[in-house]
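S.K.: Single-letter residue listing:
There are 2 protein chains.
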Amino acid sequence: MGHHFGSPLVSRYWTEACNDLIARVAKRWPDKISPVCQLPQSPGVRPEEWVDELDRCVKDLGFVGCNVNPDMAGGREPVTPSMASDWWYPLWEKLVELDVPCTIHASASLNPAMHLTNSYYIGQHTSAAVEILRSRVFADFPKLKVIIPHGGGAIPYQWNRHRGMHVKEGLEPFEDAARRVYWDMAIYDRESMELLIKRVGIDHVLFATEMFGAVNAVDPQTGRNFEDIVPIFRSIDWLSETDKQKITEGNARQLFSRLP
Amino acid sequence: MGHHFGSPLVSRYWTEACNDLIARVAKRWPDKISPVCQLPQSPGVRPEEWVDELDRCVKDLGFVGCNVNPDMAGGREPVTPSMASDWWYPLWEKLVELDVPCTIHASASLNPAMHLTNSYYIGQHTSAAVEILRSRVFADFPKLKVIIPHGGGAIPYQWNRHRGMHVKEGLEPFEDAARRVYWDMAIYDRESMELLIKRVGIDHVLFATEMFGAVNAVDPQTGRNFEDIVPIFRSIDWLSETDKQKITEGNARQLFSRLP
Numbered sequence: 001m002g003h004h005f006g007s008p009l010v011s012r013y014w015t016e017a018c019n020d021l022i023a024r025v026a027k028r029w030p031d032k033i034s035p036v037c038q039l040p041q042s043p044g045v046r047p048e049e050w051v052d053e054l055d056r057c058v059k060d061l062g063f064v065g066c067n068v069n070p071d072m073a074g075g076r077e078p079v080t081p082s083m084a085s086d087w088w089y090p091l092w093e094k095l096v097e098l099d100v101p102c103t104i105h106a107s108a109s110l111n112p113a114m115h116l117t118n119s120y121y122i123g124q125h126t127s128a129a130v131e132i133l134r135s136r137v138f139a140d141f142p143k144l145k146v147i148i149p150h151g152g153g154a155i156p157y158q159w160n161r162h163r164g165m166h167v168k169e170g171l172e173p174f175e176d177a178a179r180r181v182y183w184d185m186a187i188y189d190r191e192s193m194e195l196l197i198k199r200v201g202i203d204h205v206l207f208a209t210e211m212f213g214a215v216n217a218v219d220p221q222t223g224r225n226f227e228d229i230v231p232i233f234r235s236i237d238w239l240s241e242t243d244k245q246k247i248t249e250g251n252a253r254q255l256f257s258r259l260p
Numbered sequence: 001m002g003h004h005f006g007s008p009l010v011s012r013y014w015t016e017a018c019n020d021l022i023a024r025v026a027k028r029w030p031d032k033i034s035p036v037c038q039l040p041q042s043p044g045v046r047p048e049e050w051v052d053e054l055d056r057c058v059k060d061l062g063f064v065g066c067n068v069n070p071d072m073a074g075g076r077e078p079v080t081p082s083m084a085s086d087w088w089y090p091l092w093e094k095l096v097e098l099d100v101p102c103t104i105h106a107s108a109s110l111n112p113a114m115h116l117t118n119s120y121y122i123g124q125h126t127s128a129a130v131e132i133l134r135s136r137v138f139a140d141f142p143k144l145k146v147i148i149p150h151g152g153g154a155i156p157y158q159w160n161r162h163r164g165m166h167v168k169e170g171l172e173p174f175e176d177a178a179r180r181v182y183w184d185m186a187i188y189d190r191e192s193m194e195l196l197i198k199r200v201g202i203d204h205v206l207f208a209t210e211m212f213g214a215v216n217a218v219d220p221q222t223g224r225n226f227e228d229i230v231p232i233f234r235s236i237d238w239l240s241e242t243d244k245q246k247i248t249e250g251n252a253r254q255l256f257s258r259l260p
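Order-wise, the sequence lines are chains W and Z. Quick note on the numbering used here: the first sequence kicks off at 1 and runs consecutively. Quick note on the numbering used here: the second sequence kicks off at 1 and runs consecutively.
Keep in mind that the hints are not guaranteed to be accurate.
Where chains are identical, the list cannot tell them apart; a pair therefore holds if satisfied intra-copy or between any two copies.
Unchecked claim - Below, in silico cross-link-like pairs of lysine to any residue (SDA-like), each with a Cα-Cα straight-line distance of 25 angstroms or less:
(1) Lys198 with Leu21
(2) Lys198 with Ala26
(3) Lys59 with Ala17
(4) Lys198 with Asp237
(5) Lys145 with Pro112
(6) Lys32 with Arg224
(7) Lys198 with Ala186
I should point out that these hints are in silico values taken from the structure, not numbers from a laboratory.
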C-alpha cells in the first residue's frame with residue numbers, strides 16, 4: 001500500500017496498478033485466489049475522495065473485499081481521525097451497499113520508535129478495534145462487516161481492561177461488542193489462538209496466516225516455519241470438527257458473500 | 001506527569017512539586033509506601049537536561065525507583081527517539097549508577113484515534129519493550145533494571161511474532177531477551193496472568209494493580225472491582241506458595257535494592 005508516499009494522485013495510480021495485477025492473478029487461478037483490493041487512501045484525504053475504487057474493484061473486477069488503512073501517515077502528522085468518527089462514514093456506506101467486508105490493516109511506520117510489524121501494526125489494529133467497538137458505528141451500520149487482523153493485537157490478552165473500560169464508560173458489554181466484528185487468527189502459537197477463540201467466540205474467528213510475512217523464519221524449537229500454523233490449529237483438541245470447519249471456511253463463507 | 005504540557009521549565013516545576021508531595025506521603029507512612037519519582041521530561045528535550053532530578057529524589061529524598069515516559073509528546077510531533085537509541089544513554093547511566101529500576105509508562109495521548117488507557121498505553125509499552133529488547137542496551141548496561149507495565153501490552157499474546165522477528169533479524173532468542181526485564185502483572189484476568197507468568201518466567205513478574213486506574217469499575221460477572229486482582233492471582237493453583245511469594249514480594253525486593 002504505502003499510502004504515505006507521494007500524493008493522492010500517486011496513490012491512485014499505484015492502487016489501480018496493484019488492484020489490476022491482483023485481478024489478473026485471481027482470474028488466472030480462480031479456484032485458489034479470491035481478490036481483495038487496496039484503496040487509494042492518502043494522508044488527510046477524506047474517504048469520499050477514494051471510495052470509488054471499491055466500486056470499480058467489486059463491480060468491474062469481481063473483488064470480494066478490501067483492506068482499509070486506519071492511519072495513512074504512518075504514525076506521523078497528519079493523524080487520521082478515529083474510526084469512531086463520522087469522517088469514515090462514506091466508506092462504511094459503500095461497504096454496506098456492496099456487501100463486502102473490510103480488513104483494517106496499517107501499512108508503514110514512519111515513527112523510528114515503532115517497529116513496523118511488531119509494534120506499529122499491533123498498536124494500530126488494537127486502536128482501530130477499540131475505536132470502532134466503543135462507537136455508534138454498528139448502531140448506524142448494523143450490516144457492516146469488519147475484520148481485525150493478527151488476533152486483535154493486544155485485545156484478547158487485555159480482555160478485562162476492555163470489559164472494565166466499557167463498564168466505566170457506560171458502553172455495551174465489551175464481550176458483546178467484540179462479537180460485532182471478526183478476528184483473524186494470524187497469531188503463531190496455540191495458547192494465543194485458544195485465548196482468542198475463547199474470548200471472541202468460535203463464530204467470530206477466521207483462520208489466517210501470511211506468506212511471507214512478519215515471522216517468515218524457522219522456529220528452532222519445532223523446525224517448522226513460524227507461519228506454518230495449520231498443524232498448531234489442528235492440535236487444539238477441544239474444538240470439534242464442526243468448530244474447526246467454521247474457523248477455516250464456514251465463517252469466511254458467511255462473511256464474504258461474494259465468494260463464488 | 002503530563003509532559004506534553006507547557007515547557008521544559010513548567011515540567012521541572014510540576015515534577016519537583018509532585019515528587020516533593022510523594023516524598024511527604026512516603027515519610028508519613030514509611031511502612032506502607034515506598035516512593036517512586038517522575039522526571040522533568042519534555043517533548044524533544046534530551047535526558048542530560050532532566051536526569052538530575054533522579055539524583056535529587058534518590059539521594060536527598062530516599063526514592064527507590066522512577067518512571068520514564070517513552071513518548072513525551074503524546075503520540076504527536078516531535079516523536080521521541082526509539083528506546084534502542086543512545087539518545088537515552090544518559091538516563092540508563094544514571095539508573096545504573098544509583099542502582100534503581102525504572103518503569104516505562106506513557107502519560108497522555110494527543111492522538112484522537114488512540115484511547116488513552118486501552119490503546120495508547122498498551123501500544124507505547126509494547127513498543128518500548130520491543131525496542132529495548134532488540135537493541136544493545138543490555139549489552140552496554142548489563143545491570144540496568146527495567147519494568148514493563150500492564151503485562152507487557154501485547155507481547156505475551158503475540159509471543160511467537162516476537163520470537164520469529166528475533167530469529168529473522170538474527171537477534172538473541174526473544175525468550176532470553178524477555179528475561180532481561182521485569183513485567184508487571186496489572187492485567188485483570190486469570191488466563192492473561194497465567195500466560196504472562198508462563199512466558200516470561202516466575203522470576204520476572206511483579207504483582208501490580210492500580211488504585212484507581214483504567215478499570216476502576218465493578219465487574220458485573222463477579223461483583224468485585226476489576227482492579228481487585230489479589231483473589232484472582234491467589235486462585236492460580238499451579239503456582240507454589242514460594243512462587244507466589246516471589247511475584248508478590250521477593251522479585252520486587254531483589255529489584256528495588258533501596259527498599260528498606
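S.K.: Now look at each hint and say whether the structure bears it out.
M.R.: Now for the hints, and whether the structure bears them out:
For the homomeric pair Lys198 and Leu21, neither the shortest alpha-carbon distance inside one copy (38 angstroms) nor that between copies (45 angstroms) is at most 25 angstroms. In this assembly of identical chains, the alpha carbons of Lys198 and Ala26 never lie at most 25 angstroms apart, being 34 angstroms within a copy and 43 angstroms across copies at closest. When the C-alpha separation of Lys59 and Ala17 is checked against a cutoff of 25 angstroms, the pair qualifies only within one copy, where the shortest distance is 17 angstroms, while the shortest distance between copies is 63 angstroms. Proximity of Lys198 and Asp237 under a CA criterion of 25 angstroms is satisfied in both settings, with 13 angstroms inside one chain copy and 21 angstroms between copies.
Taking the shortest Cα distances, Lys145 and Pro112 sit within 25 angstroms of each other only across copies (23 angstroms), while inside one copy they are farther apart (33 angstroms). Proximity of Lys32 and Arg224 under a CA criterion of 25 angstroms is satisfied intra-copy only: 24 angstroms inside one chain copy versus 50 angstroms between copies. Taking the shortest alpha-carbon separations for Lys198 and Ala186, both the intra-copy value of 16 angstroms and the inter-copy value of 21 angstroms come in at or below 25 angstroms.
Of the hints listed earlier, those the structure fails to meet are numbers 1, 2, in rising order.
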